[in-house]
Structures are given as C-alpha cells and as structure tokens.
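Residue 1 is where the sequence shown starts when you use our numbering, and the numbers rise one by one after that.
Keep in mind the hints are simulated off the structure, nothing from the lab. Among the clues, some could well be false.
[As the list claims (entries may be wrong)] Listed below are the simulated SDA-like cross-link pairs for lysine to any residue, each with C-alpha atoms no more than 20 angstroms apart in a straight line: (1) K50 to R39; (2) K50 to L62; (3) K70 to G56; (4) K3 to R14; (5) K3 to V17; (6) K55 to R45; (7) K3 to S19; (8) K44 to G56; (9) K3 to V20; (10) K24 to R39; (11) K44 to R58; (12) K24 to L13.
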Amino acid sequence: MGKTVADMTATELRQLVSSVVEEKLIQLLGDPDEGLVLRENVRKRLLRQKRIVSKGERGEPLETLARRLKLV
Numbered sequence: 001m002g003k004t005v006a007d008m009t010a011t012e013l014r015q016l017v018s019s020v021v022e023e024k025l026i027q028l029l030g031d032p033d034e035g036l037v038l039r040e041n042v043r044k045r046l047l048r049q050k051r052i053v054s055k056g057e058r059g060e061p062l063e064t065l066a067r068r069l070k071l072v
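From just these sequences and the hints, can you work out the full model?
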C-alpha cells in the first residue's frame, strides 16, 4: 500500500504535486507538436547537440551570445 501524505517528506510531496500538475497540463493542453514530422536536418542537429552535451561540452554563455547578437 502507498504512503499517506502525512508519511511523505517535503521533497516527496513536492515531487508528487509536480508530477500530478505536469500530467494534468499535458491532458489539458496536449502536445502541440503531436503529429508533426521532424525534418531530417533538425533531427541530425539535435542528435549532434545531444552527443556534444553528453561529452560535457557546453556552448556559448547566454550573456556572450546576447552581446554578440546585440540584444543587450
């Protein structure tokens, strides 16, 4: 049998509430990208980024990028 709320730690309760809220939002709003096809070039770029990040490499800091693009 599962825990009661009284038996949960604050962290466990927070995780439970978070997952319930997320589940409900997905039910209500759905996935706006559902049914869309991912272009091959986008898929390759995402996979390349995933490999780079998994190796511990990071991209350009946000502040540097914003200055370079003259956003600040």
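Going through the hints against the structure:
1. K50 to R39: holds, 17 angstroms
2. K50 to L62: holds, 18 angstroms
3. K70 to G56: violated, 28 angstroms
4. K3 to R14: holds, 14 angstroms
5. K3 to V17: holds, 14 angstroms
6. K55 to R45: Holds. K55 to R45 sits at ~16 angstroms (cutoff 20 angstroms).
7. K3 to S19: It holds: about 16 angstroms lies between the C-alpha atoms, which stays within 20 angstroms.
8. K44 to G56: Distance ~19 angstroms between K44 and G56 Cα, so the pair holds.
9. K3 to V20: holds, 16 angstroms
10. K24 to R39: Violated - the C-alpha atoms of R39 and K24 are around 29 angstroms apart, more than 20 angstroms.
11. K44 to R58: holds, 18 angstroms
12. K24 to L13: holds, 16 angstroms
This entry does not satisfy hints 3, 10, going by the numbered hints stated previously.
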